[in-house]
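Engineer: Once you've looked at the hints, dock chain B against the given chain A.
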Amino acid sequence: MSKLRKYWNIDIGQLSYLIGFLLVMGVLPIFLPDTLLYILGLTFIFIVFAVSWDFMTGLVGEVNLGHTIFIGVGGYVTALLNVPTRFKNTFLDILTNIPPPPIPITILLGGVIAAITGILIGLITLRLRGWYFALVTAILPLLFIKATYVLKDIFGGEEGFSVGLSKALAPDTIGKYIITLLFMAASILILYGIKNSKLGLTLIAIREDNTLAEALGINIYLYKVFAMGISSFFAGVSGALLVHYRVTISPDLFDVPLMLLIILAVVIGGLGTLIGPIIGGFLIYLLKYWVLKVYLIPYIPTTIPINDDIILYILLIIIAVLMPHGIYERLKRFYMAM
Amino acid sequence: MVSINTVMIILLYGATFSGILALISSGFTLIFGVSRILNFAHGAFFMMGAYIGIYFVQQLNLDPILSSLISIILVGIFSIAAYITIIYPVIKNEVMTIIVTLALALLIEQVILLTYGEFGLSYPRLVAGTLTIGDVVIPMVRLTILAISILTILGLWIFIDRTRIGKEINAASQDPEGAILIGLNVNKIYAITIFVSAVLAALSGILYSQMYAANPFQILNSLILAFSIVILGGLGSVKGSIISSFIVGFIYIAVTTLIGARWSEFIALAIIIVILIVKPTGLFGVEE
Chain A
98 MSKLRKYWNI DIGQLSYLIG FLLVMGVLPI FLPDTLLYIL GLTFIFIVFA
148 VSWDFMTGLV GEVNLGHTIF IGVGGYVTAL LNVPTRFKNT FLDILTNIPP
198 PPIPITILLG GVIAAITGIL IGLITLRLRG WYFALVTAIL PLLFIKATYV
248 LKDIFGGEEG FSVGLSKALA PDTIGKYIIT LLFMAASILI LYGIKNSKLG
298 LTLIAIREDN TLAEALGINI YLYKVFAMGI SSFFAGVSGA LLVHYRVTIS
348 PDLFDVPLML LIILAVVIGG LGTLIGPIIG GFLIYLLKYW VLKVYLIPYI
398 PTTIPINDDI ILYILLIIIA VLMPHGIYER LKRFYMAM
Chain B
181 MVSINTVMII LLYGATFSGI LALISSGFTL IFGVSRILNF AHGAFFMMGA
231 YIGIYFVQQL NLDPILSSLI SIILVGIFSI AAYITIIYPV IKNEVMTIIV
281 TLALALLIEQ VILLTYGEFG LSYPRLVAGT LTIGDVVIPM VRLTILAISI
331 LTILGLWIFI DRTRIGKEIN AASQDPEGAI LIGLNVNKIY AITIFVSAVL
381 AALSGILYSQ MYAANPFQIL NSLILAFSIV ILGGLGSVKG SIISSFIVGF
431 IYIAVTTLIG ARWSEFIALA IIIVILIVKP TGLFGVEE
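From first to last, the protein sequence lines stand for chains A and B.
First residue of the first sequence? That's 98 in our numbering, and the numbers climb one at a time after it.
First residue of the second sequence? That's 181 in our numbering, and the numbers climb one at a time after it.
Derived by calculation from the structure, the hints in this document are not laboratory data.
Worth double-checking, as some hints may not be accurate.
To be verified - In the DMTMM-like style, the derived pairs of lysine to aspartate or glutamate whose C-alpha atoms are separated by at most 20 angstroms in a straight line are:
id, chain 1, residue 1, chain 2, residue 2
1, B, Lys-272, A, Asp-306
2, A, Lys-243, A, Asp-349
3, B, Lys-272, A, Glu-305
4, A, Lys-249, B, Glu-348
5, B, Lys-419, B, Glu-348
6, A, Lys-243, B, Glu-348
7, A, Lys-185, A, Asp-250
8, A, Lys-243, B, Glu-298
9, A, Lys-243, A, Asp-352
Claimed, not checked - Derived DEER-like restraints, expressed as beta-carbon distance ranges:
id, chain 1, residue 1, chain 2, residue 2, range
10, B, Thr-295, A, Leu-393, 14 to 24 angstroms
11, A, Val-391, B, Ile-250, 35 to 45 angstroms
12, A, Val-391, B, Thr-295, 17 to 27 angstroms
13, B, Met-188, A, Val-418, 47 to 57 angstroms
14, B, Ala-393, A, Ile-403, 21 to 31 angstroms
15, B, Val-458, A, Val-391, 44 to 54 angstroms
16, B, Val-458, A, Glu-305, 29 to 39 angstroms
17, A, Pro-201, B, Met-188, 51 to 61 angstroms
Stated by the list, open to error - Okay, the calculated bits of chain B under chain A, using three or more residues with CB under 8 angstroms as the criterion:
id, stretch
18, 264-272
19, 449-463
Virtual Cβ for every residue (Gly too), placed ideally from N, Cα, C.
Next up, chain B with everything else stripped away, as it sits in the complex:
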């Protein structure tokens, strides 16, 4: 019999985990939807957010919140630099785009492995304290994470839907050539998009390492869940990936809590296979 506490834990942990997943996968799907770049370095941006933040807290004794902000901006700048130097030259070549971003991801993984080792590192808490509801003790940090993710997702929605630059991004994703014709600088739009996408990844990396340990292997492992989410939500659909983040997140946490963590990643695989066979465009994907 599943106790009420277990249900509470699944609901709360599922919600926070889903929020983090939503941040990762919406960034991944955003850059894909706009520029058709499959960014395999997205998981690297995710872990860089955590490790750079940890570096500033540990080495320079900065406040965790300040370090997080610096880290997020640095990862964003890094992503633009990566776009200009290595992605832009091969952007017309789908095969090479995938290869250079994957190589970049592994490069970053190796650098982290050599500097921090393969053991997990936890991020200093952004907020302390706990909240007790009934018998369940809830760390305040989880509620903060949930709030930050929801606010960020709302912010992303306002950014894309209401601001001028967001509308330009939308236009470029619908028709790159048309966007050029009406005088938009598509290249600049791609650079801004990858910046936003990397910022989302870095933020989720920081939030992730508030609850779990940051670990260089997460650079590739995070892609397992991210890919299953974007395939479920429809490749390129930000709305789809946010909704399916909550589906995948709750399923993942329910399976880990009730059955055990051993097979949890295989859930992602099962979701991918079922979606690809039954409805390859995903829940919200556009027909290509």
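So here's chain A without its partners, still in its complex pose:
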């Protein structure tokens, strides 16, 4: 164990919390109704969105405003591979007759294509100062949405399309719940492992001081592009998983509100901690799709221009201004002071 700690610099305390959290989630299906399990499954996928975003923005320090690009690309890749008839009578007619590979393969391919997209964006923008990366990633999701409207025959326009119930992740909610839980556990452990490996330390060094890292002989450009590939791969796989979870796909996967929800989750949890976003993602997703939806929004009179999104945006601004290091760091500092 001590040898492992030496090379991997793993915080045993953090790791045990993490394993505890996963175990609790593992026994929950015994107690909870299906509807709540369904939301929890979605929450697990959302947590992977958040953690993989944090990997690029928190760890490497490049503001990626287009994480939804990779979620959407992963989603559309697996959806189109499973429903190749969507290409019929379009300029991509030749793709119609490709037999759909097994679902795990298409999900993985979603991740691979998303990673390639991420690497291309990184190759073009990460040579330059971070502003260019932020600007380009900010507008790309809008253009991807536009592309789904323009190529309506293939992408299904605003409504998207269904991949069919036979392509669901599992026939019942519990099956889906367990698959997403395992997926989340695997993704977190891999990303956490990378964060604490030599590669992760190099990335943190780059974030802390670009010039110094470069002076030490680190090729910061290639490292950043590589990190972008990892981050977008996980976004792509989780986006693809989401498609088979919900059995439908629509351009809302690309959309900016989802991006802001991811940012909110990470900022609340604490940028760059990877553990924080798990807590943040868990709280925020349940807050938006369960607490606010069921217990608050129905009671707000329609004359007041407030909805759940507005509440969350205000929350994001307040947290960013008052607690830029996130709740997790705050609690840790509080705990240390005790």
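Structural biologist: Positioned in the frame of chain A, the structure of chain B alone reads:
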């Protein structure tokens, strides 16, 4: 064969559209150049200008020109308030600055969506009448828009180049620490700059909704063109963004008229990619 009328239309529509783009993007690049704030709420200021003006005309029956003036000033004041309350506390943190301004933009988008709905709204005309040259009928409002944008750009140039406060802005953008050392209040300068930048955005929003419909989705969509312009012109260069506004504006209108509007936004993307690969500092950018 492209007819002479089509050419006329591209020239005139391109010029007015470019003028509006110049107002949006010069404001965006001004605040960035001076304070290194990437203001993602700039598109929100742009649409707020239109919607507040429309509100005053429709609800209070004010004269469109008067409403426009009130709206422009209100948006300017709002921008200073936003600077003091949410941007200033995180200004040292690049990541958080981007996040809070983007959150503000989406917040405003949602408020507009809930109050006015997602359908486009047109602004009551500031001037009426048409002018006919040959076979082409030109609405007077387009010529007015062109004149207002050119005058405003000239005014901006005089403001930055000739007035004392403009020179202070210039000094702060070149070297914030040096500016503090010679006794300038950099914070005040940033607040004035964001005011000017928001005023330009609000004015362009009003002019935009004279020709096209104001629409809450423009808050984010306007950023597509604005970003391609500032990247083409060089991030932080006001002169560069004015010149590249006319390049992007004419290309955009030419593509929409000749090929169709479906792919027009992708032109912006193509410009961005080519510039970033070939000459990342843009036409007039400074090496960082």
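Engineer: Run every hint past the structure and note whether it holds.
Structural biologist: Now the hints, each set against the structure:
no.: 1; hint: Lys-272/B with Asp-306/A; result: 15 angstroms, holds
no.: 2; hint: Lys-243/A with Asp-349/A; result: 12 angstroms, holds
no.: 3; hint: Lys-272/B with Glu-305/A; result: 14 angstroms, holds
no.: 4; hint: Lys-249/A with Glu-348/B; result: 52 angstroms, violated
no.: 5; hint: Lys-419/B with Glu-348/B; result: 18 angstroms, holds
no.: 6; hint: Lys-243/A with Glu-348/B; result: 42 angstroms, violated
no.: 7; hint: Lys-185/A with Asp-250/A; result: 9 angstroms, holds
no.: 8; hint: Lys-243/A with Glu-298/B; result: 17 angstroms, holds
no.: 9; hint: Lys-243/A with Asp-352/A; result: 11 angstroms, holds
no.: 10; hint: Thr-295/B with Leu-393/A: 14 to 24 angstroms; result: 20 angstroms, holds
no.: 11; hint: Val-391/A with Ile-250/B: 35 to 45 angstroms; result: 41 angstroms, holds
no.: 12; hint: Val-391/A with Thr-295/B: 17 to 27 angstroms; result: 25 angstroms, holds
no.: 13; hint: Met-188/B with Val-418/A: 47 to 57 angstroms; result: 51 angstroms, holds
no.: 14; hint: Ala-393/B with Ile-403/A: 21 to 31 angstroms; result: 25 angstroms, holds
no.: 15; hint: Val-458/B with Val-391/A: 44 to 54 angstroms; result: 53 angstroms, holds
no.: 16; hint: Val-458/B with Glu-305/A: 29 to 39 angstroms; result: 32 angstroms, holds
no.: 17; hint: Pro-201/A with Met-188/B: 51 to 61 angstroms; result: 59 angstroms, holds
no.: 18; hint: 264-272; result: holds (count 4)
no.: 19; hint: 449-463; result: holds (count 6)
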